[in-house]
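So you can see what is in the structure, the chains are spelled out below.
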Amino acid sequence: MTDFLSSLGYSQWIIPALLIVPAAGILPILFAPAAQAKRIALGISTFVFVVSLGLWWAFDPASGNLQVAASVPWMPFWGIYYRVGIDGISLFMVLLSTGMMPLAVLGSWHYITKAERGYYALLLAMTSGMVGVFVSLDLFMFYVFWELILIPMYFIIGVWGGPNRLYAAIKFFLYTMFGSLLMLVAILLMVWQIAHSTGVVSFEYSFLLSHSNTLGSTAPWYFAAFALAFAIKVPIVPFHTWLPDAHTEAPTAGSVLLAAVLLKMGTYGFLRFAVPFFPDVAMSPAVTALFVSLAVIGIVHGALVAMVQPDAKRLVAYSSVSHMGFAMLGIWAATVQSVQGALMVMIGHGLATGALFFLVGMLYERRHSRLFSDFGGLARVVPLLSIMLTIAALASIGLPGLNGFVGEFLVLLGSFDRHPWATGIATTGVVFAAAYLLWAVQRIIYNPLVKPENKALAGHDLDLREVLVILPLIFGMIWLGLYPKPVLRRMEAAATRYVEFSIPRQATARNPEGSQAEGAK
Amino acid sequence: MTLLSLAGPAAQVLDAVPNWMVLHPHWVWLTVALPLVGFLINGKVAMLASGPVPGLPPKSAARLTELVRKYQKSIVSVVGTGVLLAAFVVAVMVFLGFHFLDNQTGYVVRLWSWIPVGRFQVDMAFLVDQLSLVMLLVVTGVGSLIHLFSVGYMNEDPGYARYFAYLNLFIAFMLVLVLGSSFVVMFIGWEGVGLCSYLLIGFWFEDKANADAGKKAFLVNRIGDVGFMIAMFMIWTTVGSLDFGTVLQQLPGAVPAGGAMITAITLFLFVGATGKSAQIPLYVWLPDAMAGPTPVSALIHAATMVTAGVYLVARTGVLFALAPISNTIVAGVGVVTALFAATMALRQYDIKKVLAYSTISQLGYMFLGVGTGAFAAGIFHLITHAFFKALLFLGAGSVIHSMHHAYHEVHSSEDAQDMRNMGGLRKAMPWTAGLMWIATLAIAGMPLSGFFSKDEILAYAFGRGHDNPVFYLYYALGIVTALLTAFYMARLMAMTFHGKNRTGADAEPHLHEAPWIMTGPLVVLGVLAAFGGVLNLPEWAGGHHWLESWLLPITASAQMYLDPVLPHGTTEYVLIGLALTAALVGLVAGYRVTMAQNIVPARDAPEERGFWKVLYHKYYVDELYDAVVIRPLIMFSQRFLWKGVDARVIDGGFVNGSAGVSRFLGQIGSRFQTGQLGFYVLLFVVGAVWIVRAMVG
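Heads up: the protein sequence lines correspond to chains Z and B, in order.
Per numbering that gives the first Met the number 0, the first sequence starts with residue 0, numbered consecutively.
Per numbering that gives the first Met the number 0, the second sequence starts with residue 0, numbered consecutively.
Be careful, since some hints might not be right.
As the list claims (entries may be wrong) - Computed cross-link-like contacts, EDC-like style, restricted to lysine to aspartate or glutamate with a CA-CA straight-line distance of at most 16 Å:
#  : chain 1 : residue 1 : chain 2 : residue 2
1  : B       : LYS426    : B       : ASP349
2  : Z       : LYS454    : B       : GLU205
3  : B       : LYS612    : B       : GLU512
4  : B       : LYS69     : B       : ASP206
5  : Z       : LYS450    : B       : ASP156
6  : B       : LYS612    : B       : GLU622
7  : Z       : LYS450    : B       : GLU205
8  : B       : LYS612    : B       : ASP206
9  : B       : LYS43     : B       : ASP14
10 : B       : LYS617    : B       : ASP603
11 : B       : LYS69     : B       : ASP122
12 : B       : LYS642    : Z       : ASP2
13 : B       : LYS72     : B       : GLU205
14 : B       : LYS499    : B       : GLU622
15 : Z       : LYS484    : B       : ASP206
Since the hints were derived computationally from the structure, they do not count as laboratory data.
Treat the numbers as computed from the prediction; the structure is a model and nothing was measured.
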């Protein structure tokens, strides 16, 4: 496979292709009849996903460096280049982005009835944006893509969302805008300050990385700005209240993409930028204590609040807060196990929460309600949907043998040595997760089947299209639960590299080449 | 010494085994794969029977469904029980094969590398050794019998295929639990059996109480699992591995004996055990678990899953041996649970509830055994208990089956499980009555299987009293519990099978003995319950403690640190006499007291009074947990975290506090109408083109 790909010159064109093809797909959609929009979007997104799969083989698992890299001047005068590359961290984020998109299109098939062209065009625009965020190795380019995603998501919530969509969309926009504007200021000032001391103006990731230790007393401010932008995206308590509203009001595919990909941009930001740039700040005892505490608070708070939600979608949204807490804990514990665990949590959460949002959406399409009090006994009438819901819930609960367990367990195992108390409290999260999800499952598919609207669902089980949306996710859950080795193997070098970068440098000058060589071995 | 004296005759028998009966232990994965295949097939049948396959043309989909529905019962019966019997056969062959290995310290079967991350390497691997083989045989053997029984018991249930799918899946997970070669693989089984338990307790999910009971079981187990997980993290930080082989070998040298670390590790492991094995304070789920079909109670909630905690302590025996505080706590919690549960069993009327509390109580005995350091005795009781308690539950199942039919025939909605509605059933069900009496004598401590195992545990506890006097107290509590056990079992038998019938004049003629597919397994279990004691017959009864010698390679390392002695001579006989007296007094008293009572059918029964009421309501522990833990937690989450912190403080205080900005942006936002969307998309495209131009250079 590797030979075949290199004979195609795969590494040279794949990333530009992933950035251009989806965005270019907007044009045919805008000129096609509205009814054809979804077919075109499905075709393009499936094509993009299939092509992106080659990265799995083109990627060299042994290397912790950034691969498939390219660098082309964009605005060279400002030190802004088109610079891309992937490592074991971004590889899976890219695949998650391209993989969720065909499912998102397929999942919107009948749900989206107004302005279809605009909707599917925005989905494709988001694909380019998401890939762009994860492959950018130029901070300006990263920022452009980071902001670019806000716009399609804003419209998807604000135009195709539920009754309270405007409030949710604006809240989402305000929150994230607030964080990312500060990040922009930080990026610009940082580049300026480094340019001042080195005489080189550059937004290049590795250049900034190797000079970030010269920032001195301003580093905490830069870190704070980056961290705030990412913390809002993750989201970390107390910046999480945009999430339940955005999730609840967004159309199904919007919620899915938000959970599966957009939240990961936050944790990705910490892994790629905030911590490696400023390890002295990030890993100082006080900041570590802060983030570990917030992670654990997020785990417990998200789970407890999820438990008392009357609306299924809000419950899943709050469960995201809880799950992302595990990822944050793993990132801050910074051991190989905890970081790979955090990455597994990020992937696993994408699959399981994505599936849960899809299933809740399918229920909504049938019953026009998401309130638990409206359901009950559905296992009798829609068995297939019930089984899928159960499996997705179990994966989310972290049942061993499904994906959720591998991530959570690695995070906790890897964090215990450094933060035993915090990890101990975080571990109780598995009880709460079981509590809110099993209770949710019970109120939907178990209990007496009494409501006539629910009885009327007999014969309206999942159809082929819906099965095709859920089945790949279920397959992923089982595969990653039973045989995560191929994935873990591809992450290991990058995770090790992160761990080495996260060791505080105590302001001693560091040879970046030396560090990288260490990370690669 | 004992090993040698036994090895002679037993080894000769084993050596004479023909080749075709022997399978190399690496085939042990088959015992897991077979039930798993059964699960997949039965699950598929259940799915196909439930509705048309999406994607097929409606006509052929409907025909397929019809076809599957027609044959589902035969397919499922054959597959469901067949895979189990096959697994049992494989288990026996592997057991024989193990004997021919040169190295009998345990054989690890590596399947694939599961979670490899840096130093942390976990393989999907099974450990075949003396202990896991014993468990393997019990699980597949008793499991097969219960599967056969289920064919009759669940015959008319519409969820027949789903039932066998779950049951097969349970066996697969249970075998992963006992065969797992590391804590983590064991944990797959540990949580997996919990899942199956959840699914099977809530099998008749349309009754909310059943679904509630399933959820409760899962949640309470999960609380225990937190302990299990924290123990794993501590072990990993200490020795850098979670493989049983490495941990059990290296941990004793890595931490000081009796120190804080080993005590903490073992106590956290024990927290896990209290969840799965229903000990104080986490026993509350097991009585509710009786909501599941009765064979499930026999298999999962008596014979196999609930003993996992005992197995865990025995498996990690050397760790517990190193932590005197922990093993004293284990034994103490065990014996107190035994007594506490036995008192609750005294005043239950639901036949299954009595057996449920009895199970909790007997599990307490097992913990007394392994906590004392008598690991083989604990496992011995685990095995005999699997025999007699499975028999009792299945017998109760036959009774309920019969009662249910009788009430069904006369369209009565009386409770088919309430012993106050039974009485005199021995006439209609002589086989069931006789077999259940065997089990009753066994559990009560008459010289059948249960006597030997229970006596052994109590004797060891007494023996350890010499070093640690608190074990004398444990012994005394154990004897009192034995008396109570005999009492409530005699009460159960008297209320169910003796005296006047209280089923109702119209329903009584419809009572009948169960069909042979149900009675057959009962007969086999009856033989095992009667003679299962031979597995570990003591010297005074002409035996050689076979099981104890067999398990010696497992228990030897623990015995280096903790080796309680079995009292000999006069003391031994006095203890036996005491145990027999307690059993006899309990049986006679239980029978006579019950027969002397004027029992009225449940419908007309007066309310309980005084302390009986407290016992009937199980000391109000559920109510206590509800008031102290569950309600406050929900209230806290609802009122404080959600409505308070999230809605009022964060949203109300900060987010909407910046109202000026949000109103401003709101106005802009409100102009974003779908009609103007094209403009924004155009903007986006222009931006994209700009970027592309840069990329192309």
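Checked hints:
1. B/LYS426 - B/ASP349: 21 Å, violated
2. Z/LYS454 - B/GLU205: Holds: Z/LYS454 and B/GLU205 sit about 13 Å apart, inside 16 Å.
3. B/LYS612 - B/GLU512: Given that 16 Å is the threshold and the Cα spacing comes to 34 Å, the pair is violated.
4. B/LYS69 - B/ASP206: With Cα atoms ~27 Å apart, B/LYS69 and B/ASP206 exceed 16 Å; violated.
5. Z/LYS450 - B/ASP156: 24 Å, violated
6. B/LYS612 - B/GLU622: 14 Å, holds
7. Z/LYS450 - B/GLU205: 13 Å, holds
8. B/LYS612 - B/ASP206: Given that 16 Å is the threshold and the Cα spacing comes to 26 Å, the pair is violated.
9. B/LYS43 - B/ASP14: 43 Å, violated
10. B/LYS617 - B/ASP603: 22 Å, violated
11. B/LYS69 - B/ASP122: 43 Å, violated
12. B/LYS642 - Z/ASP2: Given pair B/LYS642, Z/ASP2 is violated - Cα atoms ~58 Å apart, limit 16 Å.
13. B/LYS72 - B/GLU205: Given that 16 Å is the threshold and the Cα spacing comes to 22 Å, the pair is violated.
14. B/LYS499 - B/GLU622: 36 Å, violated
15. Z/LYS484 - B/ASP206: Violated - the C-alpha atoms of B/ASP206 and Z/LYS484 are around 42 Å apart, more than 16 Å.
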